[in-house]
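Top line first, the protein sequences correspond to chains A and B.
Those letters in the first sequence? Residues 1 to 297, per the working numbering, in order.
Those letters in the second sequence? Residues 1 to 405, per the working numbering, in order.
Keep in mind that the hints are not guaranteed to be accurate.
Claimed, not checked - DMTMM-like cross-link-like pairs, simulated, lysine to aspartate or glutamate; straight-line CA separation at most 20 Å:
hint, chain 1, residue 1, chain 2, residue 2
1, A, 135, B, 219
2, B, 258, B, 210
3, B, 176, B, 162
4, B, 275, A, 5
5, A, 135, B, 162
6, B, 335, B, 310
7, B, 193, B, 162
8, B, 253, A, 170
9, B, 226, A, 5
Claimed, not checked - Restraint ranges, calculated between C-beta atoms of paired labels, are given here:
hint, chain 1, residue 1, chain 2, residue 2, range
10, B, 230, A, 269, 38 to 48 Å
11, B, 171, A, 57, 52 to 62 Å
12, B, 126, A, 226, 15 to 25 Å
Simulated from the structure, these hints should not be mistaken for lab results.
Where a beta carbon is used, it is the ideal one built from N, C-alpha and C, also for glycine.
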Amino acid sequence: MAASELAQYVVTGLLVGGVYALMSIGLALIFGIMRVVNFAQGDFMMLGMYLTFYYAVALGIDPLLGALLSIPPFFVLGLLVHRAFLARVTGGGDPNREMDAQLILTLGLSLVITNATTMILSPMPRSINAPYASKAFAVGPLLLNQARTYSFATALLLAAAVYAFLTRTDLGKALRAAADDPEAAGYQGINVRTMHGVAFGIGIALVAAAGGLLASYHPIEPNVAVNFIVLMFVAVVLGGLGSIPGAFVGGIVIGLVQSLTLLLLPLQLQNVGVFVAFLIVLYVRPQGLFGRRARTV
Amino acid sequence: MSRLTRFLALTLALVLLAPMVAVPVAVAAEDVKIALVAPLSGRWARQGQLKKMGAEMAIEEINSQGGIKALGGAKIVLREADAGDSVEKAVSAAQRVLTREKISAGIGSWLSSFTLGVTEVAERLQVPWLTLSYADNITERGFKYTFQTSPVSSLQAEQALDLVVEIGKKNNRPLKKAALVGDNTAATVFFFKPLREKLLAAKGIELVADEVWTPPLADATSIVQKLRATQPDIVFYGATNFPDSVQMLQKLKEFNVKTIIQGVGAWLVTPEYVKAIGKENLDGIQTVVAAHPLKGQEALVKKFVERTGEPFMTQDPLCTYAHVWLIKEAAEQAKSADPKAIREALAKIDLTAGPAATTLYPGRIRFDERGRRVGAIPIIVQWQNGEPYTVVPTAVSTRPLASVK
Numbered sequence: 001m002a003a004s005e006l007a008q009y010v011v012t013g014l015l016v017g018g019v020y021a022l023m024s025i026g027l028a029l030i031f032g033i034m035r036v037v038n039f040a041q042g043d044f045m046m047l048g049m050y051l052t053f054y055y056a057v058a059l060g061i062d063p064l065l066g067a068l069l070s071i072p073p074f075f076v077l078g079l080l081v082h083r084a085f086l087a088r089v090t091g092g093g094d095p096n097r098e099m100d101a102q103l104i105l106t107l108g109l110s111l112v113i114t115n116a117t118t119m120i121l122s123p124m125p126r127s128i129n130a131p132y133a134s135k136a137f138a139v140g141p142l143l144l145n146q147a148r149t150y151s152f153a154t155a156l157l158l159a160a161a162v163y164a165f166l167t168r169t170d171l172g173k174a175l176r177a178a179a180d181d182p183e184a185a186g187y188q189g190i191n192v193r194t195m196h197g198v199a200f201g202i203g204i205a206l207v208a209a210a211g212g213l214l215a216s217y218h219p220i221e222p223n224v225a226v227n228f229i230v231l232m233f234v235a236v237v238l239g240g241l242g243s244i245p246g247a248f249v250g251g252i253v254i255g256l257v258q259s260l261t262l263l264l265l266p267l268q269l270q271n272v273g274v275f276v277a278f279l280i281v282l283y284v285r286p287q288g289l290f291g292r293r294a295r296t297v
Numbered sequence: 001m002s003r004l005t006r007f008l009a010l011t012l013a014l015v016l017l018a019p020m021v022a023v024p025v026a027v028a029a030e031d032v033k034i035a036l037v038a039p040l041s042g043r044w045a046r047q048g049q050l051k052k053m054g055a056e057m058a059i060e061e062i063n064s065q066g067g068i069k070a071l072g073g074a075k076i077v078l079r080e081a082d083a084g085d086s087v088e089k090a091v092s093a094a095q096r097v098l099t100r101e102k103i104s105a106g107i108g109s110w111l112s113s114f115t116l117g118v119t120e121v122a123e124r125l126q127v128p129w130l131t132l133s134y135a136d137n138i139t140e141r142g143f144k145y146t147f148q149t150s151p152v153s154s155l156q157a158e159q160a161l162d163l164v165v166e167i168g169k170k171n172n173r174p175l176k177k178a179a180l181v182g183d184n185t186a187a188t189v190f191f192f193k194p195l196r197e198k199l200l201a202a203k204g205i206e207l208v209a210d211e212v213w214t215p216p217l218a219d220a221t222s223i224v225q226k227l228r229a230t231q232p233d234i235v236f237y238g239a240t241n242f243p244d245s246v247q248m249l250q251k252l253k254e255f256n257v258k259t260i261i262q263g264v265g266a267w268l269v270t271p272e273y274v275k276a277i278g279k280e281n282l283d284g285i286q287t288v289v290a291a292h293p294l295k296g297q298e299a300l301v302k303k304f305v306e307r308t309g310e311p312f313m314t315q316d317p318l319c320t321y322a323h324v325w326l327i328k329e330a331a332e333q334a335k336s337a338d339p340k341a342i343r344e345a346l347a348k349i350d351l352t353a354g355p356a357a358t359t360l361y362p363g364r365i366r367f368d369e370r371g372r373r374v375g376a377i378p379i380i381v382q383w384q385n386g387e388p389y390t391v392v393p394t395a396v397s398t399r400p401l402a403s404v405k
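Chain B with its partners taken away, still in its complex shape:
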């Protein structure tokens, strides 16, 4: 046998034997891959960045605590894909990330319109998908792989309205006139729809202005002019695009329109608002969200702030943090990284302890047959002195609700 042949034979033998030696180890520690499809570029990139921060924090915690124990200490790794600024881009990002390699579960995609598209891909490829998006129809399509941890938009509308009506009565300033002001992205549409169609009328509140636009908004003058003319007691507010929202709030101040602003979504409580509007102009603005730091979560928030340099923690990192922990729990229970097994585990899960459950109020995670979290309750957050605080439910509030001047 020539030297070359011997070398080739040896190489071949090594190549053939290597997997046999390596396989048991590799299986034991095979990474569990979670996809995060979120806008990392385009006009919602900031929200994607916040989501990523939350996911990374949870992954670091899980991996440093020994990974997924049922899978021999398997580590979790994040595969992020940029949903960009359109539904088409979000869908193709999901397609790419889910077909390139085996993904155990996915998270995303912030904007309800994106989530509607992305979950179709996940359903087709049978990968369980966790989302914080609000739109009702995300879980009205009979999908088996979509899990919505947030209270849906229509429920948020109902509860937010109940609350503001109650506060109005208590302060002896009953609400008589309301306005709907926001863009036509899915979560806002579903928040406004029940208000417009039945809820406001049922409470005897007159709808005096109904202004909806497609982002970006060229100028807010005409809207604010209408508000000035009609003088609503409350504005239900859904401007998810930051520059649009800044324009609106600046104009309200410029035209000296005083009203209660009740937002829908965590986009209204991001730190950059303080710089853009000034904290004195934010005071009293409130918004309904799916999650916000509660009483007792100070340590988590402190850790997040130290890690990221953000001034405070909001829904987007919180929910993604909870989602990663939830996937971890599902993988533990399924004893598998297989997406179908994780889907089964999620469908059956009933968590009452651990980081995922404590993050998502009221502290219990289970899903109904549509994939909606049972008992999910919206949180109301209010800007007070340049920081957003949980004000409702009062049992877990970090500040009492301040009345709007």
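Only chain A is shown next, with the shape it has when bound in the complex:
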């Protein structure tokens, strides 16, 4: 095999992984801070795709910008969903409380969102067909899909912004404190419930933005989430449950493995590669790539 061909596989894997990474950090954030396994994450991504689509159709906004513009409304939506539903079943950060209730709640939310969208917007797939979706940057012998390259860059920027927010700002530190020790955080005057709402809002906003980026080259339909939700969970567990950098790396690794698997296995077994890699990582490092020992899976 020519080196250029191998390089093409690597580049493709990286670009595909970039958006997986952004999807996954939202999920990791929600789990890391709230201990909530959000099965509806993929559905919020789907809603993000639709919002970006309507931005593009109604206002002529480019999907890359649309993805960023979907962050504020989805942050608010996340706060509302948390206040209305999740706050009732997640108790003050106590990880042992009512895990089953929140699992059922997020699974139910997922079903309701998918089916309501199918009913209201019909199952007809919609597409933005951005002009750069089927164009490529030629770098030597390599071809980099333009839509995926832009999405990758935007995903990288957003992930960096979230990381900076969590490590550099007071609110970010309060969020992490609420995650590490809810009780002690409460003694320090941090409102753990509010922090959970903020975490959920950010988590939803990030996945909606990832959906917006995806919408620049992927058709939008009510059930699009099923194609991605499993990969998101794999990325989060691979990276170490709840670790933000871990989820980011996990997403990238999945993209790379999906792409490089094709060098060894037939196309039909593309995702087998992902799960084999997943099992190997968990066997060698049960806590995931970036997880702490205490959070052994």
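Dock chain B against the given chain A, drawing on the hints supplied.
Chain B alone, transformed into the frame defined by chain A:
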């Protein structure tokens, strides 16, 4: 007798007498129930929606024209069940809809893999089942209640290959290299199998790429890279899942791979492709289907377009429309809404006129002992300027075949 006792006695008498008065009327106009098991959610929901549109249009026509005359003007009602996105869901949907009440006949379930499961339920419960699915093995299991109106996949492969080879010769661009690209759903599998095993070799065509995946496809780059490297003259194409197909076609453009694309199935001619790919990129893409509007069906298409707001009509609503009319004809001939009687009528039917026969080319409906429609011929449809037209058979084509640039 106290007032209460008298009231109770009167009520009881009414309850007992009511059926005697009501029965003759009720029997005369008892609805004939048709089940439609199709994907109404999940990744093939759009196809289910299109099928439903066709069924509803036929039912409205039949009922407004006086229903089933042999049954005293009985009306047809549709009982739809969601086949979802897996064979298990499709089977349990069929089970539910067929056991809940008396169903005279059923239609479905679009994806061959679903139909294989659903027809097992129909066979067990002895309800005649009409399907547009292509896979050969649907009618290779000795089932008595399954009726397949479409030409089977292997036949479609044979005829599509003959046609493209002929066109290649005529245009002085003989086909030397071919690729198979598609998912592993049943209809595609049966289309590719004979091509891979014997047909291509028999025509002296080399198979240079054989790429099959399980939907969804993560990324199409590796496939298109192979196509770019091997440069096939034609790609036999079976990506039934819309996002997979869009990715593939976008990538072909991105990598500037120029080749003839010969699809299998009506999923490749749905209106949403125009928005997703752009009509200039669709031009020339052709696909083999079981039905498509023919010359002379303009009024039907116009009615469908006005009714549904869809830009054009394709195989899925057309076939379901024909299926409902076919069940109506069978019920007329059987003079019964009983599923077994309708099965007998379907097995013996020989229709050469009416909406069902004119919709399914070549205009005659009868079934062999396996339940396959005798003489079913595939139709080749080609995208031209953002709309799919019937190009073969030429006798009923709505546009001449355009050569691919």
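Going through the hints against the structure:
As the CA atoms of residue 135(A) and residue 219(B) are separated by approximately 15 Å, the hinted pair is consistent with the 20 Å bound. Between residue 258(B) and residue 210(B), the direct Cα distance comes to roughly 17 Å. Compliance with the 20 Å bound is thereby established for this hinted pair. Taking the CA atoms of residue 176(B) and residue 162(B), the gap is about 14 Å. The hint holds against a cut of 20 Å. With a C-alpha separation of about 32 Å, the suggested pairing of residue 275(B) with residue 5(A) is violated against the 20 Å cut-off.
Of the pairs offered as hints, the one joining residue 135(A) and residue 162(B) is violated, with about 34 Å between alpha carbons and a cut-off of 20 Å exceeded. Between residue 335(B) and residue 310(B), the direct Cα distance comes to roughly 36 Å. Violation of the 20 Å bound is thereby established for this hinted pair. For the given pair, residue 193(B) sits about 16 Å from residue 162(B) by alpha-carbon distance, which is consistent with the 20 Å threshold. Distance restraint check for residue 253(B) and residue 170(A): the Cα-Cα separation of roughly 48 Å exceeds the 20 Å cut-off, and the hinted pair is therefore not satisfied.
Among the hinted pairs, residue 226(B) with residue 5(A) is consistent with the structure: their alpha-carbon atoms are about 10 Å apart, no more than 20 Å. Hint check: residue 230(B) to residue 269(A), Cβ distance near 21 Å, so the stated range 38 to 48 Å is violated. A beta carbon spacing of about 40 Å between residue 171(B) and residue 57(A) contradicts the range 52 to 62 Å that was offered as a hint. At roughly 35 Å, the beta-carbon separation of residue 126(B) and residue 226(A) lies outside the given 15 to 25 Å, and the hint is violated.
In terms of the numbered hints stated before, the structure departs from hints 4, 5, 6, 8, 10, 11 and 12, listed from lowest to highest.
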